[in-house]
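Going line by line, the protein sequences match chains A and B. When the letters of the first sequence are read in order and numbered with the working numbering, they come out as residues 108 to 374. When the letters of the second sequence are read in order and numbered with the working numbering, they come out as residues 108 to 374.
Fair warning: there could be bad hints in the mix.
[Unchecked claim] In silico BS3-like cross-links for lysine-lysine, where the CA-CA straight-line distance does not exceed 27 Å: (1) K216/B / K129/A; (2) K255/B / K129/A; (3) K215/B / K368/A; (4) K216/A / K327/B; (5) K294/A / K129/B; (6) K141/B / K327/A; (7) K129/A / K202/B; (8) K129/A / K258/B; (9) K327/A / K360/B; (10) K255/B / K202/B; (11) K175/B / K268/B; (12) K216/B / K368/A; (13) K268/A / K129/A.
[Said to hold, decoys possible] Where chain A lies over chain B, by a calculated footprint (3+ residues, C-beta under 8 Å): (14) 127-134; (15) 185-191.
For the record, the hints were derived by calculation from the structure and aren't laboratory data. Just so you know, even glycine gets a beta-carbon here, dropped at the ideal spot from N, CA and C.
2 protein chains.
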Amino acid sequence: MSQASGYEAWIISIGNELLIGKVTNTNLAWLGRKLTLLGYNVRRGLILSDDIEDIEWGFRTALGSNAKVIVSTGGLGPTFDDKTLEGVAAALDEKLVLNEKSLEEIRKKYERIGLSLNPARIKMARIPESGKPLYNPVGTAPGVYITKSDKHIFVLPGVPKEMKAIFETQVERILKEIGPKIFFIEKTFTSIGIPESELALFTNRLVREEPSVYIKSHPKCVESRGPIIEFHVTASSRNRREAEEKVERVVEKLMRYLIEKGAVIEE
Amino acid sequence: MSQASGYEAWIISIGNELLIGKVTNTNLAWLGRKLTLLGYNVRRGLILSDDIEDIEWGFRTALGSNAKVIVSTGGLGPTFDDKTLEGVAAALDEKLVLNEKSLEEIRKKYERIGLSLNPARIKMARIPESGKPLYNPVGTAPGVYITKSDKHIFVLPGVPKEMKAIFETQVERILKEIGPKIFFIEKTFTSIGIPESELALFTNRLVREEPSVYIKSHPKCVESRGPIIEFHVTASSRNRREAEEKVERVVEKLMRYLIEKGAVIEE
Numbered sequence: 108m109s110q111a112s113g114y115e116a117w118i119i120s121i122g123n124e125l126l127i128g129k130v131t132n133t134n135l136a137w138l139g140r141k142l143t144l145l146g147y148n149v150r151r152g153l154i155l156s157d158d159i160e161d162i163e164w165g166f167r168t169a170l171g172s173n174a175k176v177i178v179s180t181g182g183l184g185p186t187f188d189d190k191t192l193e194g195v196a197a198a199l200d201e202k203l204v205l206n207e208k209s210l211e212e213i214r215k216k217y218e219r220i221g222l223s224l225n226p227a228r229i230k231m232a233r234i235p236e237s238g239k240p241l242y243n244p245v246g247t248a249p250g251v252y253i254t255k256s257d258k259h260i261f262v263l264p265g266v267p268k269e270m271k272a273i274f275e276t277q278v279e280r281i282l283k284e285i286g287p288k289i290f291f292i293e294k295t296f297t298s299i300g301i302p303e304s305e306l307a308l309f310t311n312r313l314v315r316e317e318p319s320v321y322i323k324s325h326p327k328c329v330e331s332r333g334p335i336i337e338f339h340v341t342a343s344s345r346n347r348r349e350a351e352e353k354v355e356r357v358v359e360k361l362m363r364y365l366i367e368k369g370a371v372i373e374e
Numbered sequence: 108m109s110q111a112s113g114y115e116a117w118i119i120s121i122g123n124e125l126l127i128g129k130v131t132n133t134n135l136a137w138l139g140r141k142l143t144l145l146g147y148n149v150r151r152g153l154i155l156s157d158d159i160e161d162i163e164w165g166f167r168t169a170l171g172s173n174a175k176v177i178v179s180t181g182g183l184g185p186t187f188d189d190k191t192l193e194g195v196a197a198a199l200d201e202k203l204v205l206n207e208k209s210l211e212e213i214r215k216k217y218e219r220i221g222l223s224l225n226p227a228r229i230k231m232a233r234i235p236e237s238g239k240p241l242y243n244p245v246g247t248a249p250g251v252y253i254t255k256s257d258k259h260i261f262v263l264p265g266v267p268k269e270m271k272a273i274f275e276t277q278v279e280r281i282l283k284e285i286g287p288k289i290f291f292i293e294k295t296f297t298s299i300g301i302p303e304s305e306l307a308l309f310t311n312r313l314v315r316e317e318p319s320v321y322i323k324s325h326p327k328c329v330e331s332r333g334p335i336i337e338f339h340v341t342a343s344s345r346n347r348r349e350a351e352e353k354v355e356r357v358v359e360k361l362m363r364y365l366i367e368k369g370a371v372i373e374e
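Based on the sequences and whatever the hints tell you, model everything.
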């Protein structure tokens, strides 16, 4: 069951290091949280290798979907295996062109540490024709912002510090402007003593009563006091008070049922 | 550039909690590492919502790919939003049928804690027609193993402890039997003092000289001693000694170049 919002977002993570398990994908979780809090319905994540054809496939698939927003991370650096912009250009049927503004910023950054431009550094300024550079306040590889028909594509670096800096200084503002102006409300609590399978019929009924509220139960370990379940109840609405009331109503019903069944609640 | 192996694997992670950033996807990294060490080329990851249509899309896409192995996690529990097996059955054009062996195991597990079967618990024993249950040694929801034409599909729970237990007791053995019998060799080291963009031309040449070795550079922070880069050099081969020699050769060339340029190496 997806959130109420009709504004879908996809996240694309690029890098072999994610697929071979060298690096855990914290960028996707961070972006998913940010997009959700901005009212977007994060619908899908794609983890792609550094292969151009795979990257092209990922962006073509996202461009053919209902996603209004596509955010990618990774593959923007100076080395031979940083191929994201080539893949994006192919998916958009565009060419890569040298962006003078980006090149000037890259040149200045290297100049400051006593280095001059070389082909690897110039490569980072070659972006798809319709792209606009996003300034990287903490690293060298710029991000890229592309609008294509009704879609907004943000291509960000994979280094978490750089990705977050570009997101917070530039992407977030754009997402607020084009976004659904929706409030995302959530409440988490823990129930001890009742197995998840004891609750399925009740939560099923509750979801039918409140279809716009999302109830997720995460079974944790079983300890001496019995099975532990973490509940996460969420709702989205253009009206903050309405979303808050929905979540409160569902949490109250859930807790009452759990306590009747003998559970202990921890908030 | 992908690994030498022709045995592709896809990983599918199911659960809204991953997309909204409530949970970081550690399962994908864990499975990616395991599959890589077993000689598979982990080619793609899909992160899907708990929606049946999204799950069906994910499995249809993977079934239509070159993947020999598909491993999924999540959505096998007793609650209304655990829909993975419905989505898998739809993608396979199969029905869900009650598996008597699974049902008996689930019944026994609940009996031990003084509970009887109910619709939510019986649901966990309904698996696609061609599926075989995988015993869950630490939880209640069984996994499912399906072979379809040349593909091997492993459907595992999302709770990391349960996923790992089923993988290590049953899946790993099957993957070894059907696998490429390939050795994956890796070496990691850190270079301090040289920016990544200084090395691109050299690593580019090195990769052309040794096309079956994969060199990945991960830029880390810049500290007073200069930019820090972590290198990860990997190779796969049916011959362990051959893969080791390749990695050693490339690491030696890389380190020699870095030291010439003035970098400090930390192993």
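Verification of the hints:
1. K216/B / K129/A: violated, 36 Å
2. K255/B / K129/A: Violated, at roughly 30 Å.
3. K215/B / K368/A: Holds, at roughly 22 Å.
4. K216/A / K327/B: holds, 17 Å
5. K294/A / K129/B: Between K294/A and K129/B the Cα gap is close to 12 Å, so the pair holds against 27 Å.
6. K141/B / K327/A: Judged against 27 Å, a Cα distance of about 24 Å means the pair holds.
7. K129/A / K202/B: violated, 38 Å
8. K129/A / K258/B: At roughly 26 Å apart (the allowed maximum being 27 Å), K258/B and K129/A satisfy the hint.
9. K327/A / K360/B: violated, 48 Å
10. K255/B / K202/B: At roughly 14 Å apart (the allowed maximum being 27 Å), K202/B and K255/B satisfy the hint.
11. K175/B / K268/B: Cα-Cα ~25 Å, so holds.
12. K216/B / K368/A: With Cα atoms ~20 Å apart, K216/B and K368/A stay inside 27 Å; holds.
13. K268/A / K129/A: holds, 18 Å
14. 127-134: Per the Cβ count (7), the hint holds.
15. 185-191: Satisfied; 4 residues make the cut.
In terms of the numbered hints stated before, the structure departs from hints 1, 2, 7 and 9, listed from lowest to highest.
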